[in-house]
Structures are given as structure tokens and as C-alpha cells.
Amino acid sequence: MSNIIEIEGLSKRYGDLVALNDLNLTIDQGAVVGFIGPNGAGKTTTMRILTTLLQPSSGTARVAGYDVAQNPDAVRRAIGYMPDFFGVYDDMKVWEYLDFFAACYDIPPATRHGMIDDLLGLVDLGHKKEQYVEGLSRGMKQRLCLARTLTHDPQLLILDEPASGLDPRARIEMRELLRELQNMGKTIFFSSHILSEIADVCTSIAILEAGNLVAHGNIEQIRRQLRANRTIHVRLLGEREPLVNLLQTSPGVVHLQTDDLPADSLRFDFSGDDVALSELIQTAVSHHIPLVSFREEEHDLEDVFLQLTKGVVN
Amino acid sequence: MTNLPLKPTLWHTLRQNPVTLKELRSRMRGRRAFVVLTVYLLFMSLFLALIYLAYLTTSGPGGSGARDAGKIMFTAVLGMQIFLVIFIAPAFTASAISGEKERQTYDLLRTTLLSPSAFVLGKLLSALSYVVLLILASVPLQSISFLLGGLSPEELIISQILILVAAVTFALYGLYCSARMKTTLAAIIAAYGGALFVTFGTPLIAVLITLITGAAFITTGTVGWVTEATLTYLGLTLSATNLPATLVLSETILQQENTLLFYTQSIRGHSVWLFSPWPLFILLYALAAWLLYRACVRHVRRISD
Ligand SMILES: Nc1ncnc2c1ncn2[C@@H]1O[C@H](COP(=O)(O)OP(=O)(O)OP(=O)(O)O)[C@@H](O)[C@H]1O
Ligand SMILES: [Mg+2]
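Sequence order for the protein chains is A and B. Take 1043 as the starting number for the first sequence in the numbering used here and just add one per residue. Take 426 as the starting number for the second sequence in the numbering used here and just add one per residue.
Only chain B is shown next, with the shape it has when bound in the complex (with noise of 0.2 Å):
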């Protein structure tokens, strides 16, 4: 008998990994997911429909009203996907590990030919399946803001990008609050925790910062154009670590610079480089999830001692 080392490709892993086969046999029975799904749009199409009512009665069909109307629209689906994707997307992760340790099913999956990676994976998918799903469902309703005129493809493109790469880092880390802990409890509270830091634990942070430094100049006068850009730098890379500001902040860099990467600004007299805070959000969610996932998956290995 030899060996043989069992790597599944990631090809094998989507296809017919068990995990995620069991959790979307389970989680897709009975009418429980279609009723959430058809709840959730039957709600967002409404919401929409007394914004776009609004407008007409107040502006009249076309004219900057509508354009209006649509930049509401979107912004409103963009905020619900937000909410869906910071808090739904790690609830639906932290229960995944922990559930079945308090069920005691987690040994009987240990002790079989299951690879850590190929669980964590198979974890990841069944509950971003159905999280990605209400996000892309939501899709075609933001697309009437096309219609109205208040949104470009780019907009909507980078957007949906930004909130799907958010989707998989925040679901990888209420996975990794799963792994880590004993119970689904204390997992959820840790997800949470995490979650409600990152959105508003910065910007609170950020805030702070702003209130000292600018204590600071007014104390000491005037600052170089040096300090001045480097706070900036922070500024905009702090807010690359946060959803909702990266969103925020790169629309306007969009609206007023008319730039999506790059663009200068004059600090003190000094022409700075500056960049729209998108790309460095994709890239720091990206690391942040493969690093999260690399920690579920040594956990998951751990023989316990």
C-alpha cells in the first residue's frame, strides 16, 4: 500500500467537493432560501420604486431628477450589499466549524480522507454560494440606474468587484473565528467583533488621528508640505482598509478628478501623486483572505494535544 498524497486541484474541489455538496443540499431543501431570496428582492424593488415615485412627483420624467433618482438608487442597493456582505457573510462562516464541533461531527470528518483544505474550501463556497447569490441578484436592479443615467459601467464594475472581494475576505474570517473557537457563540461574537471593527473601528481611528494632528498644527503653526502629504498617504490607505470609505472615496476621486487610478494634487505649493484607494482595498482584502485562509487551514490540520 503507498501513500498517495491527496491534493485535490481546485478544479476537483468546485466541482465535487463534499462539503460544499452536503451544506447546498442541505441549506437549498425546502423553500426556506428561495422565500429569504424572493423577500429580499421583493423588499429592494419596493424601496426602489418609492425613491424613483419620489423623484417623479418632485422633477417630472428625465431632467437631472431622474439622473438623481438613479445615483440614489444605486447607492441604496450598494449600502444593503454592503450590510449583506460585512455582516451576513461571516454569520454565515462562523457557525461552519464550530457547528460541527458542537455536534460532534467535526472528529467522525477528521478521521477521514477529507483534506484540511479541501473542508475549508468546500466551507467557504457553500456559504459564499448563497451570499454571492443575493449580491447578484441585487445586480439587475442597480442596472435601472443606467437607465436613468446617474451611473457608468465603471462604477457599477469596480464596485461589484470591490464588494465581492470583501465578500470572501469577510466569509474567510468568520471561518477563521470558527476554527479557532469552541463554540458558534463565541465564534459569532468574535466575527462580529472583527467586523464592526474594521468598519467602524478605522474611520474612528482615523477621526482621532485628525483631531490630534490638528491640535498639533494649531499648536505648532504651520507643518511642512511633507507632513502634511504623509498624512494624507495614511488617510487614503487607512481608508483602503475599509469598505465603505474605499467605495465613497474613490467615487469622488472619480467624480472630482475624473481619474480612477492616479492623480495629482497641489499640497503647500508641492504637486503630490495621490491615487484613488480601490486598488490598494482589492489588494490588502486578497492578502488578508489568503493569509486568513492559510490559519484556518493549519487549524484545521492540528492534531489537538
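Just chain A, same shape as in the assembly (with noise of 0.2 Å):
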């Protein structure tokens, strides 16, 4: 069993809104995949679908090799899940709040104390064992939440913006605790909106916009999947005219931008390939066009992100 998430055709509507359309995915076993997507794009629908907490309008969803909808339990028993917003219990101290919950998932009572405490170690709540739950702080009562969906020992994580909310260095904390658990052979499945944090955490990205799955692989991937429109800057001693008289004529060149940019200066983009920019290079040479540089714009993650993102979402 390598695939422990296998999405089919999976559609979920609200009345006349399409939350999700037709998505199909597949997550391997020990994947750390961050799910990507700016507000409203389906993340949270498709992540409750997956948790059996949502009906499907259409298609199916398998965890772990069981249907979500035929077999609830056995799906359950596969995941944590840690929800966008949750709440936790007043009057209840941090040790058994999760003593509820693994007496929930039918943990005995004799394992449960020394699993307790390894899991506040892992969280780094030891020293708030005896405290009561509503007195943490909103990161702590995150951590407290990561370790609630580790009571069972699933297989597979379903984490939704598990850093919201947190400040930078506890979002770095977040990111080494996942690092954490993938280490432990668990397979994470998490939504985000910022692509750059996430980027050096995941094994693979998948991104939704509008109910839809944009892209799904690992970074290089997507990125190389963007190179087919790369944007180039140039530079050249003195006027740029014959240069751009080259460039109009030249195949691959698209949107070539001259104005509010130095007159030294041009911009455009490119969709051939390097063998191909590297003939328009000494093309441009062999002309004596007296080049200064000659460089690819760097795409960083978040113009990925945007540009994969185009603003659908109404």
C-alpha cells in the first residue's frame, strides 16, 4: 500500500458554489505534501471530506486503503486530524485532556500515562502537565492539539494551517515538529497559504484555486512546470533599439516590456527552452548588440504561488 490517500473525481458543492471540482490525488506513504491555496479554494472542504466529517457531493476518497464514506471507523483509526479553528475543554488540565482522548480512541488505561508524557515531551508541554488547558496560550494550545492527534498513533496527519496564528519563531517550531514526525515515518498532509515557509518541509505541494488542483509535485517540478514562460532582464551599453528590433523578430520572445524601465534596460518573456535562449544570446552577439547582462528573473515561491493562483478565486 504506497498510496495512503487516493482521491478520485472528488466534487463537493454548496447549492450553486463548486468548493471542489473533480479533484484527483494521490499522496504516498511518508509524504509530507503541503496543501496549498489561497481563501475559499477548497482546502479545509477537502481536508473534512478526508477526515469523514463531510459528505462528497460526487466522486470518492480512500485513507489508507478504506473508503471514506463505506468505512468511517477504519479511517479514523488512520488519521489525526487537527481542524483550522478548535476549541478546548474549560476546566480540564493538559494531561487529561489527553487522557480524554486517547480513552476516546479506546487507548487502556495502563499505556496512557507514559504515552502522555512522551507526547508533552514531544510538544514540549511537559512542564504545563498539571495546568488547566484554557490557561495556554494560543501556540501551546496548538502543540496541545498536535499531540491530541497523536494519541492513536495514526499513520497519517491531516493538519489544517497548523501555524496560523503563531508567531515567527513558533511557526519555525511547527515546521521542526513536523520535520519531527515525518522522521517518525508519519505521512502529513497539511494546508497552508504561504508557499515559501512551507516549501523546505514538503516532499511534494499540491495547489488548489477555486476547487481546483493547480499543480501537484515536488518543488523543482512546479517550478520547472512555470520555466515555460521565463522572464528575462537585459542590459546594454547605449540605445537598446536594435536590440529590440532583433527581439520582434525573434521566435519565443513574447511581451517585451520597454516602458518604466531605464533606458538601458529591457524586459521580456521567453518560452523556449535554454538551447534556445542561448542561440538568441549569440544571435544578439553576432549582431554586436553590446550587452552589459543578460539575466533570468529569479522566481521566488510566492510568484509561483501567484502566478499558479491567478486570482480565480472571486
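Keep in mind the hints are simulated off the structure, nothing from the lab. Don't take every hint at face value.
Said to hold, decoys possible - Listed next, the in silico DSBU-like pairs over lysine-lysine satisfying Cα-Cα at most 30 Å (straight line):
# : chain 1 : residue 1 : chain 2 : residue 2
1 : B       : K607      : A       : K1170
2 : B       : K526      : A       : K1135
3 : A       : K1171     : B       : K496
What the hints assert, rightly or not - Rough simulated footprint, nothing fancy, chain B against chain A, three-plus residues with beta-carbon under 8 Å:
# : segment
4 : 1124-1134
5 : 1142-1148
Note that the structure is a prediction, hence the values are computed from the model and not measured. Glycine is no exception: its CB is placed at the ideal position from the N, C-alpha and C atoms.
Dock the two chains into a complex; use the hints.
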């Protein structure tokens, strides 16, 4: 069983609104998958279907080999879920909170004590064991909720924006925690709005936009997918007119820009590959065009994100 | 990996239901629960002492005065118990499930392996345990009536059984409202609406029926004994849906006909079998409790769409 999540043709409609449109996605065992998309893209909807909380309009989803609709208990056993918004009980101590959920997962009382200590150690809340949950800070509650998802040692963690509302330091700690969980052999499927922040923990990312999966793969694949249209910056000595004339007749050059740039610079988008680009430079040199710099604009990950999700969400 | 069905036995549910444990832990934590219990008992004792003193000063010890005092004290405690069962029990449970929704803890629970029936039973037991504690705590006070001679063991036992059965049914009704409604406010309104209806609505309907049929009697002159017997049965059945009516009527029948179950009465020259309403009450309320429980579990199990 190498695919722990298998989603086929999954759709979810709320009245006229299509929250999820024919989603197909598989996730390998042991992967750490970032689920990225702007507000309202359908991330939470997908996760709620996977965690047996929501009925899909059509399509199927299987978790650890079990259909979420046919076999919800087996699915629940396999996953630990942390929702985007969640509450905690008042009048409950930190260890009681974990003890309660362990009991809900039928963990025998004898094994709970050691396990609770281990989990609190993992999320760095060991010193808060006897305190009331309501007295914890937001970040601590988030970590406690993460510990809660681990009480029954699930294979798969589904975390809906685990880093939302955390300060920069806590976000880094959360990332470290995810890495640790990956080392423990967990498959992690988590959502976020911020691509650059999670890129280095993920083994792959899935980008969702208005209910459609627009990209899925590892970061490099997605970058390459974008390189179909790279942006080139050129600076040269003297007039740019000769180069402009040359570029206008060259294949692969699209969207030539000179406005709002200094008189010695220009910018264009190029749809060819590396070979074509190299040929273009040689042609320019052979026409005695005095190039000073010729560089490709580095797409940072946020640009990737913005380019993939061109604001289709209304 | 096999998919083990998680059907908890009743014993398992009673003994180690995580929901019951959690709720009782937080309810009994701190002094509030004990303060409420103490104040409640003090208040009841004071009230009963006043009744007793009033009778003592008017008729002296012994004799029929003490008997009457015993009766009144019993009735006073019973009235308090009725109030507890009809208005406090559903209030305890009406927030049980909707509160989880409002606090956004419901989804966390529903992704665990906790079965819907264990969840519903856990909530029910934890709410009931406190109400039953308050009811049982007042039984010793009621027993004073024994000493005064105004009360028979049957009266005490049957009244307490009725109270407990009603407590379960009203608590389940509150729980059902809580499972149905999104907010606790809506659940409490629905729970009180229902409780008020069965307490005051059905007697009102009975009165209306009596007035209408009474008018019919007058216009048509006499009616046959069959019609009158049918109406009597209808009235008895209707009163078996109402806790105070069942208690009063069963007591009256015990006093006048000297029976706990059946008696005959002559209606227009025909001898008719009639019954004391309390067994029917237990039957109806147990049935309602079962149906409400099933409905609760169904609601909790349902995956939202
Ligand atoms: N219960 C509901 N009823 C109606 N529409 C809903 C409901 N839940 C979600 N939606 C709609 O479905 C779409 C997807 O919502 P979803 O919560 O899955 O987005 P998301 O990607 O998690 O967004 P965010 O980043 O803001 O959390 C949104 O347009 C939302 O308005
Ligand atoms: Mg969301």
C-alpha cells in the first residue's frame, strides 16, 4: 500500500457554489505534502471529507485503503486530524485533555500515562502537564492539539493550517515539529497559505485554486512547469533599439517591455528552452549588440504561487 | 488491519465512558456542585420544618394533625422533585451537544473512535447523575413523613419510580434538542417549549375537550355509556402523559378505590374496568426515552452534507 490517500473525481457543491471540482490526488506513504491555496480554495473542504466529517457530492476518497464513506471507523483509526479552528474544554488539565482523547480512541488506561508524558515531551509542554488547558497560550494550545492527534499513533496526520496565528518563532518550531513527525514515519498532509514558508519541509506540494488542482508535484517540478514562460532582464551599452528590433523578429519572445524601465534596459518573457535562449544570446552578440547583463529573473516561490493562482477565486 | 466494530457493552459504557468521566470531573471540580446540593437540602429542610411547626402549634403532637403535616411535607418535596425533573434535567442536557458545537470541540470528538451511542450515553449519564443525586438526596427528607404517619411505602416507591423515569425521558429530550439545534440557546428554548407543553399544554387540551364535549352533552341531552366510558379512558390516557396529573390521579385512585392497578366503576349503570395511570405513564415515557435515544444517536452519527 504505497498510496495512503487516493482521491478520485471528488467534488463538493454547496448549492450553486462549487467548492471542489473533480479533484484527483494521490499521496504516498511517508510523504509530507503541503496543500496550498488562497482563501476559499477548498482546502478545508477536502480535509473535512478525508476526515469523514463531510459528505462529498460525488467522487471517492480512500484513506489507508479504506473508503471514507463506507468505512469511517477504519479511516478515523488511521488519521490524526487538527482542524483550522478548534476549541478546548474549560476545567480540564493538560494531561486530562490528552487522557480523555486517548480514552476516546480506546487506548487502555495502563498505557496512557507513559504515552501522555511522551507526547507532552514531544510538543514541549511537559512543564504544563498539571495546568488548565484554558490557561495555555494560542501556540501552546496548537501544540497540545497536535499532541492530541497523535494519541492513537495514526499513520497519517491531516493538519489544517497548523501554523496559523503563530508568531514567527512558533512557526519555525511548528516546522521543526513536522520534520520530527516525518522522521517518526508519519505521512503528513497539511494546508497553508504561504508557500515559501513550508517549501523546505514538504516533499511535495499540491496547489488548489477555486476547487481545482492546478499543480501537484515536488517543488522543482512545479518551478519547471513555470519556466515555460521565464522572464529575462537585459541591460546594454547605449541604445536598446537594435536589440528591440532583433527580439521582435525572434521566435519565442513574447511580451517585450520597455516602459517604466531605464533607457538602457528591457525585459521580455521567453517561451523557449535553454538551447533556444543560448542561441538568442549568440545572435545578439553576432549582431554586435553591446550586452552588459542578460539574466533570468529568479521566480521566488511566492511568485510561483501568485502565478498559479491568478486570483480565480472570486 | 482489520476493522473491529466498536460496540461498547452497557457495562463498559457505564464504567469507563470517557465522556461521563470528563463531564463529572469538571462538574464536581471545585465547590460549586456541593454548594448547590447543600443549599438545596438546607432550603428543603427549612421549608419542611416550617410546615411541621405550623401543624404542631395548631393541633399539638400526635393525632390527625401530624398525619396531615406528613402528607403536606411529602407533597412539598414531591413538587420540588417534579420541578427538578421537568425543568432542570432538560436544561442540563440541552447544552450538552450544542455546547460542543459552539466551542468547536464537536468535530474533534467525531473524528475519534468514540461511538455515537457511547457519546450520547456518556452525556446522558453525566447530566442525569447530578439530577438523580439531587432527587435521592431529598428522599430522606420525604421519609420523615413515614414517622408522622401520612405516607405509605407504596406511595413513596411509586412516586420515586415515576420521578426517575421522567428524569431520564426529559433529560433525553433535552439531549435530542441539543443534537438537533446548532446553538445552545435554540436547544434550551426547544427543550423548555416541549417541557412546558407536556406539563401545561396537555391539561389545557384536556380542559378544552371537556368543555367542548360538555357543550355537546348539553345540546344532545344524554349520551350513551359507551361515549362516556371512551372519554374516561381518553382522559386517563392523556393524564398518563403528564407527570403531575399521573401522580395526583394515581394517589387519588389509591385513596378512594384502594388500588394500585385496576378498579371497576359504574358508568350509567354499566360496570367498567378502569386503571390507575402510573403503569401507562412508565410505559409511555420509557418508549419515548427509547425513541429519543435512537434519534439522538442517529443525529450524532450523521455526516453533514
Ligand atoms: N458549510 C458551507 N456552506 C456553504 N459554503 C461553504 C461551506 N463551507 C465552505 N463553503 C464554501 O466552500 C468554499 C471552500 O471553502 P474552504 O473552507 O474549503 O476553503 P479553504 O481553502 O479552506 O479556505 P481558507 O484558506 O480560508 O481556510 C468557499 O467558497 C466557502 O465559502
Ligand atoms: Mg480552511
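Within 8 Å of chain B's CB atoms, at least three CB atoms from the segment 1124-1134 of chain A: coverage verdict: Since 9 is at least three, the answer is holds.
Between K607 of chain B and K1170 of chain A, does the CA-CA distance stay at or below 30 Å? Violated, at about 33 Å.
Decide if the proposed pair is consistent with the structure: K526 of chain B and K1135 of chain A, CA atoms, cutoff 30 Å inclusive. Measuring from Cα to Cα gives roughly 21 Å; hence the hint holds.
Under a C-beta cut-off of less than 8 Å, do 3 or more residues of the segment 1142-1148 of chain A approach chain B closely enough to confirm the stated coverage? holds (count 6)
Hint consistency between K1171 of chain A and K496 of chain B [alpha-carbon to alpha-carbon, up to 30 Å]: violated (54 Å)
Checked against the numbered hints given earlier, the structure breaks hints 1, 3 and satisfies all the rest.
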